[in-house]
Amino acid sequence: MTAPLEASPGSSEAQPEAALKGMGKKAIQGRSLGQIAWMRLKRDRVAMASGVLIAVMVVAAIVALLLDRVFGVINPNAFHQELIDPEQGIPTGPLGGISLDHPFGLEPINGRDLLTRIFAGSWISLLIGFAATLVSVVIGTIMGVIAGYFRGWVDTVISRLMDVFLAFPLLLFAIALVGVVPDSAFGLGRDGSRIFVLIFVIGFFSWPYIGRIIRAQTLSLREREFVDASRSLGARAPHVLFKELLPNLVAPILVYSTLLIPTNILFEAALSFLGVGIQPPSATWGTMLSEASRWYQVDAWFMVFPGLAIFITVLAFNLFGDGLRDALDPRAR
Amino acid sequence: MKHSQEDLLAGGAARPSDRPNEAFLQVRDLKVHFPTDDGIVKSVDGLTFSLQRGKTLGIVGESGSGKSVTSLSIMGLHKRGTANISGEIVLDGQNLVTATPEQVRSLRGKRMAMIFQDPLTAMHPYYTVGNQIIEAYRVHHNVSKSVARKHAVEMLDRVGIPQPDKRVDDYPHQFSGGMRQRAMIAMALSCDPELLIADEPTTALDVTVQAQILDLIVDLQKDFNSAVIIITHDLGVVAELADDIMVMYAGRSVEYGSSREIFAAPQHPYTWGLLGSMPRLDRERSERLLPIKGTPPSLINVPEGCPFNPRCAFAGLNGDLSTTERPEFREVSPGHHIACHLSGEQRQHLWTTEIKPKL
Amino acid sequence: MLAYIIRRLLGAVILLFVVSLVTFSIFFLVPRIAGASVEDMASRYVGKTADAETIRQMAEKLGFTDPLLTQYGRFVSAIFVGADYSTGPTTVHCPAPCLGYSFITQNPVWPDLVDRMGVTISLAVGAAVIWLFFGVATGVLSALRRGTVFDRAAMGVALAGVSLPIFFTGLLSLTIFSYGLGWAVPGGTYVNFAENPLAWAGALILPWVTLAFLNAAGYARLTRATMLETMNEDFIRTARAKGLNERTVVVKHGLRSVLTPILTIFGLDLGILLGGAVLTESTYSLPGLGKYAIDAIVNNDLPKVLGVTLVGATFIVIANLVVDLLYAVVDPRVKYS
Amino acid sequence: MRKQRLVTMVAAGAATVMALSACGGGGGSSNNNNNKGGGNPSATGPNAAIGKAFNPSDKKGGTLRFANAGDWDSLDPGDTYYAYSWNFIRLYGRSLMMFASAPGQDGAKLTPDLAESKGVPSEDLKTWTYKIRKGVKFDDGTPVTSKDVKYGVSRSLDKDIFPNGPTYFNEFLDLQGYTSPYKDSDPNGLGLKAIETPDDQTIVFKLKKPFADFDYFAGMPSTMPVPKAKDTGSKYKEKVVSTGPYKFEKVELGKSFSMVRNENWDPATDPNRKALPDKITVQVNVNPDDLDNRLMSGDLDVDVVGSGVQPAAQAKILADPNLKNNSDNPLSARLWFTNINGEVAPLDNIECRKAIQYAADRTGYQRAYGGNAGGEVASSLLPPIIPGAEKIDLYPSKDNAGDLDKAKEALTKCGQPNGFETNISYRAERPKEKATAESLQQSLGKVGIKLNIKAYPTGDYAKLYAGKPDFAKSNNLGMMVFGWAADWPNGFGFLKEITDSRNIKPAGNTNFSVKDPKVNEAIDKAMTEKDENARQKAWVEVDRKAMESAYALPGVVAKGLYYRPKNLTNVFITDGFSEYDYLALGVSG
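Protein chains in written order, with my numbering: chain A, 1 to 333; chain B, 1001 to 1359; chain C, 2001 to 2337; chain D, 3001 to 3589.
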């Protein structure tokens, strides 16, 4: 995932993999893994703060969606051209036009309020981050479990498929694909089809990473006694898969998902930055940053708040994910 | 308690009252506590024993009884900051608990060495066996690589590895389990240590190899006149080997005595349990092994009174004493100490009527 | 060993074959599915002034009217034996490996790619050296000083590092160092190392540092986690039991084992980057493979897109292969048969 | 078949800023300057190179350094269609006619180059004859003959090999089915019957239809001679044989090239060229912001694309009087406008189109293109600097901010009193067009006209999306943001392509909205008018009729902001290209 974003895939991929290895092995009597994890998580102040921040952001994003699209209370596209220098096209006043009315400043040329736009853009960024993660986790888990459980040629086929996916320069593909799909596809309204395509493309290209992890986990779980026991009692494959294996995969899936969400938010931002994001006048943080990149020499303030929005969100998810991983696997601390 | 500890300290392995100052290793009131999120884990909680050169001490107990933690404490292998160690570990007059890490390090490998239980994980997979022995030798001896290599080949030969000059360049994974353990021993003995700690040296091995390895340790001990501690959960292993045996439970010693005494007249119900769960070839086969019921206690919340009381069949014989008061570690016969509330008669009675016949 | 390498090479070739087929399908088939006609596709290759007839002729000339498999066959055969393209009075031979011929710039793609590779390799390798050194060093130090101020600070910075999009840090660095302080040359002035090594380094210093920072952060986290795990291994205890000093224990025994996972990730990262550091090159306007790819996509120059994708995939596959082979060097337990 | 040559352009990478959009303009400037001639050479300050030569000089020597943020479409004279390229190509090639190398309006006048004099038409305007100067040689010393010119034109007809160039010859010459010299039965590739070469000095063009302005065609680079022996088709661009004062020294396509003096160029045969520098270097694919910075630091001499500096540099220049003194801000013959698609309901109703004309806030349009420095508000299609152009403002409003009352009135007449909903498209990689769309969305929204914004890839915008009538109709594109610059600064060059509905093609259009028989009639009248002044008036009439039909919403007449490095000599904006005249430039020091 991070691969296309030029971060190390290691940071998000191998690390949980390594960390998750021992997960579930160590059971302390009397309390379930979930209870222990929750106890540990509660003690991790940073993780809890991040969790609260995420919750606040999610609520804010929903509120933004309602205010913007359902009730139309806020108008992220309102112009304030009177605050823009007509010759230079940049906001008058210092710090990119920051004022009481416009605490985050204004966008060049049209003078739209950045605070409102960042707020209104939050739901799209988060929605894409969450939904794309859901897509890749669902595909990745199904493929990983099937490959790990059935092994043999099924495993070979799926593993090779993952190899093929991993061998693609993903970002290029995503760009090309998003560009190809017509706007009016799926009969969704304003922004709808583009959001849908972004979710699909990001999610679809990310599944092999989680697929590999789940496959490895399944392979090792499969050898454990309880699976043998279940099978020796005559349980059929679906039963073993869903009743025995899946519950034991919840922890790694949960941790990986938490760490995948920020990666996908970054992926969306990258696609938007490269110009295949949401259609104007709607904006995500990535498209705003993309526009800011045209202005950074004369209005460097434009990039600050969209950049911070991405940074803080991604950081919060990463911190929470780290905390969750530590909570679920004490050995990783 | 105090009294008996003094006694014990004064004693050597074989004869506790004899030549008090010559004990090579003295451990006094050793406590090793690990602070964790869930509370303090008292892995070792007041342990006292001593050992002379040329003697062998067997430490026996279930997993989690504090055997390995004790040995690692002696070796100074607990990471500072993670473990709170108090008490004294005196090796040849030097207190290792208060010594600097550097002083302890210089002793490790040279004066005291350790054989670990799982040689596959205990040896570095990326370096050849020879390389690892050479390294151990060269830390303490300022010799050239070729000299050290010759020494390594000699050591491998000595622990009975065929074609040592060839196998010296093999990697651990290319050795069989028994051979690996021999290599491990060769590594531990490469600097002629005066104290050798063998932590479950034969656990992963099959019975014939087990015997060979144990014989090897005995032979080498004779050659080097080392003091040896053998840690095991299996009384059978130490039966022939050890001069003295210490039985540990929940971070404490519950019975200490000469090997002969422990096997002939064990006094502690826990020791009875251990004996009961041990298959023996030298007796008639009884119907079945008698496992100790229950599980080892949490080391965070050690049961009040006698730590063994929840699992002890005889805990009720002295009213609620077992659940309220910690039993004193006392000498019940010369060189034989136990921590149990049962009276001598009760123990005698139970042993002869209930326990012994079933073994 | 040799047999293993041959087998892996064969596998790599097959994988590339599949990759090329899928790439080809996506770029040639998906537009068709999305409703583009043969003429629509051909119109990308004609000039701004073409009429319907010219477009139709171009479609025929480019073979868009042929079945897809035939087209793919031509593409593959060009890679192995080259292909001939008409320049009007004569034909030019595009020698193998002919990764297509752009009808927009009337150039074979391969020389372009070779040309751009220099930039990307300079960027990727330079950054990789930096991030590998700083990332691993920070990770190791953090692990050894777990819980100290250094550890917390380093991991805080690392976490920030993996949470910052590179196009943001890139813009920040340009704003501050290039335009603000005037310390570094802004991007786009790339010169070949052979021409002027100083200017070369000057143009790359910001991209190197930015890209390296991002990756170093990830590597520091990975190294720290692996190192912590390794330092709990039995063989580390053994090394200490031998009386080795802590330095030897850490470097010779600890770090040695940490290198394996680092190497794996490093190989893959480098492979991906060598195929084009799209975001970095875009942010700094470096004329590398990534920028080339983006420009090609914007211009709908399909042969270029196809070529650069395939080269990118090749780098990834080769990196995978090299990593697998290096395992044998690093880890004596790995045996290939 | 022709298309605006300008608006398709450099593929801007996503992060790159192709801000002022695109290529050099086509028209001139300078009717806004009152300083005629070069009487005051020491005059400095902003716009000092408009209308006269700044820092005039005859000093030879030095190296003139160009840079290009994108890349040429081609260096081949038969395959290039950028204004800057037509400006630049005069350094190494000689066409039959050329724009004079002179400041201001004089630079928009045609003068004979390879030809001895202007073309001599037949009475029916269907046959044009030129005499070629004697003594002109290729850079290898071979004399240039009329057959080389004929060969050059013939090969440019082959759009398979040379897709980029203009197609005027394909349309106007009486081809009789001829397609390409490469498929010619004549071994010399001279089988084209529409061009005759009775002797080595004479060339005769035969047209299908009468055309009075053929001299403009004869000024296109495709009339530059090409020696058949050296022609390598699409590879010729790598090794163009020069007839001008400079020849290629080293060419690395996509990177850079350099030119040195051509010893076989004889100044005696060439009254038009000063050829001051000894050497010319060109770097291509340079980062645009970096390019501006290097201009300002004196590390470069000319941004060859000639569309002005990037917004960042613009802000810097406008804020700093010293920089501003070294800049020129001329008006050009380029129009930024928006098509109103009559194929899409309810815009098939003229009143609804008028509502848009009234409601649109043209100052917002202007802001999108960079405010006052970026251009002037346009009220009709024909830019004021086209000779004879008149101000036509059929939909006036106070401060150009839109007349909402009139707009609502028109909506009511249209039967949509509460407004309607439609789509507006723009080129995805063009931030200014995006700002335009957003601005229109705002101002039209005030009268209830709801615009949904659609972005399409720049490269395919005309061919597959907004320039394709079928697509536009089925996707309900009511408005399409576009831009247009003329091939030549006259009424024909500017208006014919964007107002003549008979030119509408299945794809690749800039215009397909103006579909009015009255406009077509006016065009026909203008094209057959022989008197120049009357012809100019006739084209103004075309402009007026087009505005009456309300199919196109004019936005901004572009102005470029050019930075003029200090060591340039003989600098002036030519109306022929709305750029600095590259033929005249020299360097000092």
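Keep in mind that the hints were calculated from the coordinates and are not lab data. It is possible that some hints are incorrect.
What the hints assert, rightly or not - EDC-like, lysine to aspartate or glutamate: derived pairs with alpha carbons at most 20 Å apart:
(1) K3413/D / D3299/D
(2) K3505/D / D2051/C
(3) K3398/D / E244/A
(4) K3183/D / D2084/C
(5) K3235/D / D2331/C
(6) K3505/D / E2053/C
(7) K3134/D / E3116/D
(8) K3324/D / D3299/D
(9) K3118/D / D3184/D
(10) K42/A / D1038/B
(11) K2061/C / E3343/D
(12) K1079/B / E2229/C
(13) K3126/D / D3215/D
(14) K3208/D / E2195/C
(15) K3446/D / E82/A
(16) K3324/D / E87/A
(17) K3183/D / D2151/C
(18) K1079/B / E2195/C
(19) K3525/D / D3213/D
(20) K3255/D / E2195/C
(21) K3255/D / D2084/C
(22) K3239/D / D3200/D
(23) K3324/D / E3376/D
(24) K3235/D / D2084/C
(25) K3250/D / D2151/C
(26) K3324/D / D85/A
(27) K1079/B / D2151/C
(28) K3505/D / E2039/C
(29) K3450/D / D85/A
Said to hold, decoys possible - Partner residues aside, some chain A positions facing chain C, computed with beta carbon under 8 Å:
(30) E82
(31) P86
(32) M162
(33) A167
(34) F173
(35) A176
(36) P262
(37) F273
(38) Y296
Positions of the beta carbon are idealized from the N, C-alpha and C atoms, including for glycine.
Legend entry - 20 Å limit on alpha-carbon distance, applied to hinted pair K3505/D and D2051/C: Given pair K3505/D, D2051/C holds - Cα atoms ~7 Å apart, limit 20 Å.
Inset, instruction - Could you grab the alpha-carbon distance between K42/A and D1038/B and see if it respects the 20 Å cut-off? - result: Holds, because 13 Å separates the two Cα atoms, which is no more than 20 Å.
Legend entry - K1079/B paired with D2151/C [C-alpha distance capped at 20 Å]: 17 Å, holds
Legend entry - 20 Å limit on alpha-carbon distance, applied to hinted pair K3255/D and D2084/C: This hinted pair is violated, its Cα atoms lying about 25 Å apart.
Inset, instruction - Given the hint that K3505/D pairs with E2053/C, test it: the Cα-Cα distance must not exceed 20 Å. - result: Answer holds: K3505/D to E2053/C is near 11 Å, not above 20 Å.
Legend entry - Pairwise hint evaluation, D2331/C against K3235/D, where the allowed Cα distance is 20 Å at most: 53 Å, violated
Legend entry - Given pair status - E2229/C, K1079/B, alpha carbons within 20 Å: OK: K1079/B and E2229/C at ~14 Å, within 20 Å.
Inset, instruction - Would you check whether E82/A satisfies its interface hint, that is, whether its CB is within less than 8 Å of any CB in chain C? - result: At about 27 Å, which exceeds the 8 Å cut-off, the nearest Cβ of chain C leaves the hint on E82/A violated.
Legend entry - Straight-line alpha-carbon gap K3255/D to E2195/C, limit 20 Å: Distance ~14 Å between K3255/D and E2195/C Cα, so the pair holds.
Legend entry - Holds or violated: K3235/D to D2084/C, with C-alpha atoms at most 20 Å apart: 13 Å, holds
Inset, instruction - For the hint on A176/A, just tell me whether its beta-carbon gets within less than 8 Å of chain C. - result: 6 Å, holds
Inset, instruction - Would you mind confirming whether the straight-line C-alpha gap from K3505/D to E2039/C stays at or under 20 Å? - result: Given that 20 Å is the threshold and the Cα spacing comes to 14 Å, the pair holds.
Violated hints, in rising order: 1, 3, 5, 9, 11, 14, 17, 18, 21, 22, 25, 29, 30, 31 and 32; the structure is consistent with all others.
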